[in-house]
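> What follows is each chain in one-letter form.
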Amino acid sequence: MPTASLEKSSVATPPPFGSNPPQPINLGTPSRENAPAQVKSKIVLVGFDLGTNKSCVLAGAPGSTDITVSKVVPSVVGYVKDGIVDGIIAGNKSILFGEEALNAMLHVRLVAPLAEGVISEPSAARDFLQHIRSLADPTGSAEIRAVVGIPSNARENTREDIRQASQGVFDRVILIPEPFLAALGYRDDSRLNQANYIDPVINSLFIDIGGGTSDLCLVQGSFPAREDQISIPFAGDAIDQLMHDELNRTYPNNGLSRLKVREIKEAHGYVGPSRKPLEVKVIMGGKAHTLELGDVIGRACNTLIDKIYPALTTLIQRASSDSVVTLLQNIIITGGGSQIKGIDTLLQKRLTEDGYESPKVRLAGQDYKRYVAIGALKAARAARENQWQVLLR
Amino acid sequence: MSGKLAALLARAKELPEISESQLEKIFLAEEDRVDTAYALAEILLPLLTAQNGIASAPGRNFSSTRDSDPAALAENETRRGLDSDPVPPAPNAGPMLPGIADFIDEMLIQERGQTGPRSDRRSA
Numbered sequence: 001m002p003t004a005s006l007e008k009s010s011v012a013t014p015p016p017f018g019s020n021p022p023q024p025i026n027l028g029t030p031s032r033e034n035a036p037a038q039v040k041s042k043i044v045l046v047g048f049d050l051g052t053n054k055s056c057v058l059a060g061a062p063g064s065t066d067i068t069v070s071k072v073v074p075s076v077v078g079y080v081k082d083g084i085v086d087g088i089i090a091g092n093k094s095i096l097f098g099e100e101a102l103n104a105m106l107h108v109r110l111v112a113p114l115a116e117g118v119i120s121e122p123s124a125a126r127d128f129l130q131h132i133r134s135l136a137d138p139t140g141s142a143e144i145r146a147v148v149g150i151p152s153n154a155r156e157n158t159r160e161d162i163r164q165a166s167q168g169v170f171d172r173v174i175l176i177p178e179p180f181l182a183a184l185g186y187r188d189d190s191r192l193n194q195a196n197y198i199d200p201v202i203n204s205l206f207i208d209i210g211g212g213t214s215d216l217c218l219v220q221g222s223f224p225a226r227e228d229q230i231s232i233p234f235a236g237d238a239i240d241q242l243m244h245d246e247l248n249r250t251y252p253n254n255g256l257s258r259l260k261v262r263e264i265k266e267a268h269g270y271v272g273p274s275r276k277p278l279e280v281k282v283i284m285g286g287k288a289h290t291l292e293l294g295d296v297i298g299r300a301c302n303t304l305i306d307k308i309y310p311a312l313t314t315l316i317q318r319a320s321s322d323s324v325v326t327l328l329q330n331i332i333i334t335g336g337g338s339q340i341k342g343i344d345t346l347l348q349k350r351l352t353e354d355g356y357e358s359p360k361v362r363l364a365g366q367d368y369k370r371y372v373a374i375g376a377l378k379a380a381r382a383a384r385e386n387q388w389q390v391l392l393r
Numbered sequence: 394m395s396g397k398l399a400a401l402l403a404r405a406k407e408l409p410e411i412s413e414s415q416l417e418k419i420f421l422a423e424e425d426r427v428d429t430a431y432a433l434a435e436i437l438l439p440l441l442t443a444q445n446g447i448a449s450a451p452g453r454n455f456s457s458t459r460d461s462d463p464a465a466l467a468e469n470e471t472r473r474g475l476d477s478d479p480v481p482p483a484p485n486a487g488p489m490l491p492g493i494a495d496f497i498d499e500m501l502i503q504e505r506g507q508t509g510p511r512s513d514r515r516s517a
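Chains as they are written, first to last, in this note's numbering: chain A, 1 to 393; chain B, 394 to 517.
Hint data in this document are derived by calculation from the structure and do not stem from the laboratory. From the three backbone atoms N, C-alpha and C, an ideal C-beta is built for every residue, glycine too.
The following label-pair restraints were derived from C-beta to C-beta distances: (1) Gly492/B <-> Glu357/A: 26 to 34 angstroms; (2) Gly492/B <-> Lys71/A: 23 to 31 angstroms; (3) Asp425/B <-> Lys71/A: 56 to 64 angstroms; (4) Leu135/A <-> Arg426/B: 47 to 55 angstroms; (5) Glu263/A <-> Gly492/B: 38 to 46 angstroms; (6) Thr65/A <-> Lys418/B: 46 to 54 angstroms.
Residues on chain B that point at chain A, a partial pick, calculated with CB under 7 angstroms: (7) Ile493; (8) Phe496; (9) Met500.
If you only want the chain A side, here are some residues facing chain B, beta carbon under 10 angstroms, derived: (10) Arg159; (11) Val201; (12) Phe223.
Produce the complete structure using the sequences and hints provided.
Take a look at the structure:
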């Protein structure tokens with residue numbers, strides 16, 4: 001197990017109000033030993049969905065419901081290649097992030113900090129988080145407290161990797177599973193007092209389909225236990241890979257990049273019976289070609305259903321007989337995978353065919369990219385002082 | 394406040410230079426001030442609790458605590474002291490959403506159960 005780089009809060013013994021702020025203990029970098037704690041007057045709260053393909057950051061001040069920053073950023077870092085002439089890259093930057101990096105892909109080495117929902121390139125992850133920090137606090141002087149989404153049932157080393165990458169970037173963090181944050185984010189707080197409103201935090205099943213993992217979570221009024229969460233390492237990226245492999249078999253030397261394949265999936269992805277004709281225009285070797293991709297896309301996307309459905313029924317069976325009928329009315333799909341056409345109706349149809357009582361599967365809606373971050377910012381605003389984990393500077 | 398007033402009145406009665414009528418005047422004036430404060434509190438409490446999203450605590454009915462008996466007043470003072478939150482809200486508390494902090498507590502407890510105590514972490 002890696003060496004911990006932070007101190008962790010104690011739930012049982014909250015410090016008295018007005019007591020001295022916690023002093024970080026040094027567990028790793030000798031050069032920072034005895035560094036004086038920096039006093040910061042301004043606190044910025046951050047809700048952060050660190051996604052494999054896309055990340056979302058929301059920020060706001062404590063004691064307010066205002067959101068001052070709301071951005072969705074492709075999770076990619078571009079390191080400018082050697083020998084690029086001055087002026088080619090705006091501001092002659094050496095590192096680009098998100099869309100800017102993608103737009104300059106000819107001139108940069110693109111690095112994705114995450115793979116399958118976990119940090120795979122620690123250095124790039126750290127650079128990416130530094131960029132996120134600069135978005136949340138352009139002054140660079142505020143104390144940043146971030147609630148960060150993590151995959152369901154993330155292992156300790158996954159959590160530790162995020163903490164390590166956050167060290168010196170964020171001042172305090174809380175790591176919370178993404179589908180639970182999605183439930184918090186999806187919750188309409190203005191309707192909690194309405195009799196006909198089913199609070200998703202009270203009884204729902206969230207399916208968060210991201211780039212690296214599909215996370216399912218039973219949310220029933222208490223924090224979900226490990227057995228209430230299932231994370232499947234099959235999601236958007238895996239679909240892209242299946243499509244790419246099949247395209248390479250069918251059209252050798254097609255030259256289509258993974259990014260192009262992802263674009264095709266995002267535009268045409270569907271589940272259910274084959275949808276043909278589904279003709280897609282692509283450029284191969286500089287020439288336009290129209291490819292029939294109905295089967296390629298359908299097979300790859302339907303694989304997702306085959307992976308998710310057993311996990312979905314497993315979690316439904318965990319619900320008590322008193323709660324399961326309402327639960328079946330409150331199955332919500334979010335994340336990028338929710339945009340695959342027909343995914344809600346197909347899952348609902350399968351549940352109905354398997355005899356589940358009047359199931360209703362819904363899509364979270366147009367804010368699907370932001371629900372985790374919205375929930376994270378809500379959590380940041382509600383967190384008690386002693387729940388934050390203090391990171392070393 | 395009213396408990397202190399009663400004590401002052403008792404002490405004042407022992408002093409010969411203050412007449413009964415003077416004492417009566419002081420008492421009435423202080424009664425009026427306390428009545429005004431309670432009336433104001435009754436008006437403001439629902440407004441403030443609604444504005445801040447705080448549920449009105451049972452037993453905070455100010456008219457029911459209005460009592461000129463010093464013993465009853467003292468008892469109410471004690472009850473009010475017990476009702477108040479021993480730990481003031483954290484600076485980042487903001488508009489507290491019910492339950493979320495409790496969820497985080499549950500999560501942290503689960504995490505501690507899974508990872509066990511670690512000597513390299515300590516309480517914030």
